[in-house]
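Trainee: The residues making up each chain are set out below.
Number of protein chains: 2
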Amino acid sequence: MSSVQALLAEVGAEVGDRVRVVRDDGLVVEGILMPRPRGGEYLVVKLDNGYNVGIDIKRIKEIKVLAKRKPSVRAEGGALPRRPDYPLVKIIGTGGTIASKIDYETGAVKPAMSAKELVEDIPELLEYADIEAEQILDILSENMMPEHWSKIAEAVHAELLRDEVKGVIVAHGTDTMTYTASAIAFAIRELNKPVAFTGAQRSSDRPSSDAAFNLLASVITAVNAPFAESVIVMHGETSDTFAAVNRATRTKKFHSTRRDAFQGICEEPLAYVWPWTGDMKLVGKYLRKRSNEVPKLKNSFEPKVLQLKAYPGMDPELLLLAKDKGFKGVIIEGTGMGHVPERVVPAIRELTDSGIFVGITTQCVHGSVNLNVYATGRKMLDAGAVPLGDMLTEVATVKLMWALANFKPEEVPKVMLDPLEGELRDRRTLNLYRLPYKA
Amino acid sequence: MSSVQALLAEVGAEVGDRVRVVRDDGLVVEGILMPRPRGGEYLVVKLDNGYNVGIDIKRIKEIKVLAKRKPSVRAEGGALPRRPDYPLVKIIGTGGTIASKIDYETGAVKPAMSAKELVEDIPELLEYADIEAEQILDILSENMMPEHWSKIAEAVHAELLRDEVKGVIVAHGTDTMTYTASAIAFAIRELNKPVAFTGAQRSSDRPSSDAAFNLLASVITAVNAPFAESVIVMHGETSDTFAAVNRATRTKKFHSTRRDAFQGICEEPLAYVWPWTGDMKLVGKYLRKRSNEVPKLKNSFEPKVLQLKAYPGMDPELLLLAKDKGFKGVIIEGTGMGHVPERVVPAIRELTDSGIFVGITTQCVHGSVNLNVYATGRKMLDAGAVPLGDMLTEVATVKLMWALANFKPEEVPKVMLDPLEGELRDRRTLNLYRLPYKA
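Same order as they appear, the protein sequences are chains A and B.
So that you can map any letter, position 118 of the first sequence is 118 in this note's numbering, and since no number is skipped, the others follow by simple counting.
So that you can map any letter, position 212 of the second sequence is 212 in this note's numbering, and since no number is skipped, the others follow by simple counting.
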């Protein structure tokens, strides 16, 4: 329990209560106690004029509860009663850190908490919506397979068909969140509502957990976002200020441990969300708005796709494995504009001659593939390799698995180069390339 | 020929000449004509007070040459005569865009120009040093193999032994520059002088070429840097202002086409260099200073190292290929803190049981591997995988090739975890993680 929690428990104060706080210098603040993440060092009180005030907990002399909050429903046992004035948000749990706690036997983190338990744990979610929770999988994201994407897509699709559901949240491990969120972007056509993927970089029972913050931001997104896209909602900076809502197909897990690990790659977030106030600021252009369309499910994925990263001395055997083992497609993350060592080119030819699709992305974080500039690239084109522009390798892999499963082989190249979900853009985009330092 | 060049040719003005320029609004500027890249839109004149002034060429009314520059040696034919007061810098050409021009038959860029030709083309280099140039390879960097690293290391080492050589420059393709520059960092022990890798994102005969700028910055680095490290010297921002000098083992080609494509990963540049003025600003901490040590050559590399990137549905067959085909080591770029799908773990065990080293890095751009946090990571550790901290995948691959060739198998794990060239750092480093946007 954090010091804020301890302090509040001591005086019996809960989020939503009307409180009076006295600071050590005599400042008196009166208002509604706002939700704060466990481990925060500030108490936030919403004043009657609408402004929020943060008070350093070390400087608090006295807290008094003036009035208890209006009793609100809590998740106890099964389903929650619907409140007529509240929108409904569905949370689909799949496992991952957001739904995990430390296993005190082995000392490691393992998935354990159900989505329903999360709702019980974060009652603030109910301030924005009625919540339905369902745990459909319980696996860490590194173990997600294309077959799981199909299952998640099916569950999300079923919820999107329900009129009363305002938006869907998928609680997911962060490691492969870009993959699954992109899979859903492709697998559900004519999306009609926002689908917000969220997760945690720190498990829910750690004081620094980002689970509550991210879930709260996702609920606000599900309820208020005007767009119907598959997005990733995670911390926008390391402190608990705002969350960034990034398009799934342009997002990368950029840091292994930081809470603000997810970045859009040369794409602005669609929106920022401030979970403590419920504010949302729209930023980037969205592809599709909320609608009454009936979304279609196209959720098959061909798992036999090889993803390879080119490097000096790369062995052509790696590529030929695709042919030997019956793979249907290959994505090669080339160097620079998409190159592979020239010695690998004959293997590309051998694959394409066998009807295996070979797509090329770049291992540079930013920028596009272009196989027309250098001699090696031209030879790759001659061998039948398909350059995939600025598509992220993760997204290209998902899209190829999807295209191979849902279209005829001869349609696959066309589908891959058709910008369906913002995954492939022309060059006329905002310049968001940044250097981490300045001379 | 750019418009600046045309303009200067017209009045017979050359870099280094004393000129008088009149602008359309009557402004008169007198000073020394400074080098500018082909294609620049500004003429730069160094005033007598030391300041540089840029004048929009579209606004120039008149240019007059007041005095020709002091005649300087030029590379014509074979070796250049040594000037007693100038330091000597050796440029070793290996191919790549910096030494390439457009092949007007196929329309693609191919390596063609020798390092010597480059010197002849950029006489400004001679303002800072006497230049020796030697072309030892002529290949695009995507075709560099570990055997080429050995050859480059040998050539660089031979130059470092010469007292009169102040520093060595390696002109190299950009695609795999991090690999080769890191290979040299490991292959030459007790480095005594700076070794500056440089290249170009645009070929030398294109107006926007960065070849001259980068080579000039590299010469200044080779002459003036107080450190003895293998570094990458490339544009520090997209315009022709300054170059960043980054430690090879912490650098990544971050963009497929931009001139400021190279970034240090959570590491400040060792220095910035302003090629037009010759200024150098030292920034990051360096590992080794210039010395009179005699560098040792340890330039063998074991090419049979597999580099694989983990992804959902990754096939264990990919890993088992290493055993079937006689590979000596594997670097797996895991998700998040270094995870692989759990189904791959038994294959790791099979490899390590056969004496094959399996090292783990992260595919997140930033952050460290940690296999102690999640259950999957623990299982990977049990299977004998070695977490490689924050080592970049590219650098881990090079280091493993080097360690396998120069140490006994039982020493390899220790060597891999020994921070030799800044490739592996503890957590107490500067925070240089940046988000590309701000709410």
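Think of the hints as simulated: they come from the structure by calculation, not from any bench.
The C-beta atom is built at its ideal place from N, Cα and C for all residues, glycine as well.
Certain hints may be false.
[Stated by the list, open to error] Within a straight-line C-alpha distance of at most 16 Å, the following computed EDC-like cross-link-like pairs (lysine to aspartate or glutamate) qualify:
#1 151/A to 163/A
#2 323/B to 350/B
#3 438/A to 317/B
#4 68/B to 127/B
#5 323/A to 317/B
#6 296/A to 134/A
#7 304/B to 317/A
#8 325/B to 324/A
[Said to hold, decoys possible] To give an idea of the interface, some chain B residues facing chain A are shown, with a C-beta separation under 7 Å as derived from the structure:
#9 134
#10 136
#11 138
#12 142
#13 325
#14 431
#15 439
Trainee: A separate judgement is required for each hint: does it hold in the structure or not?
Mentor: Hints versus structure:
1. 151/A to 163/A: violated, 21 Å
2. 323/B to 350/B: Holds, because 8 Å separates the two Cα atoms, which is no more than 16 Å.
3. 438/A to 317/B: violated, 45 Å
4. 68/B to 127/B: Holds, because 15 Å separates the two Cα atoms, which is no more than 16 Å.
5. 323/A to 317/B: holds, 13 Å
6. 296/A to 134/A: violated, 22 Å
7. 304/B to 317/A: holds, 12 Å
8. 325/B to 324/A: holds, 14 Å
9. 134: violated, 22 Å
10. 136: violated, 17 Å
11. 138: violated, 12 Å
12. 142: holds, 4 Å
13. 325: holds, 6 Å
14. 431: violated, 9 Å
15. 439: Holds: closest Cβ of chain A sits about 4 Å from residue 439/B, inside 7 Å.
Taken one by one, the earlier hints fail for this structure at numbers 1, 3, 6, 9, 10, 11, 14, listed in ascending order.
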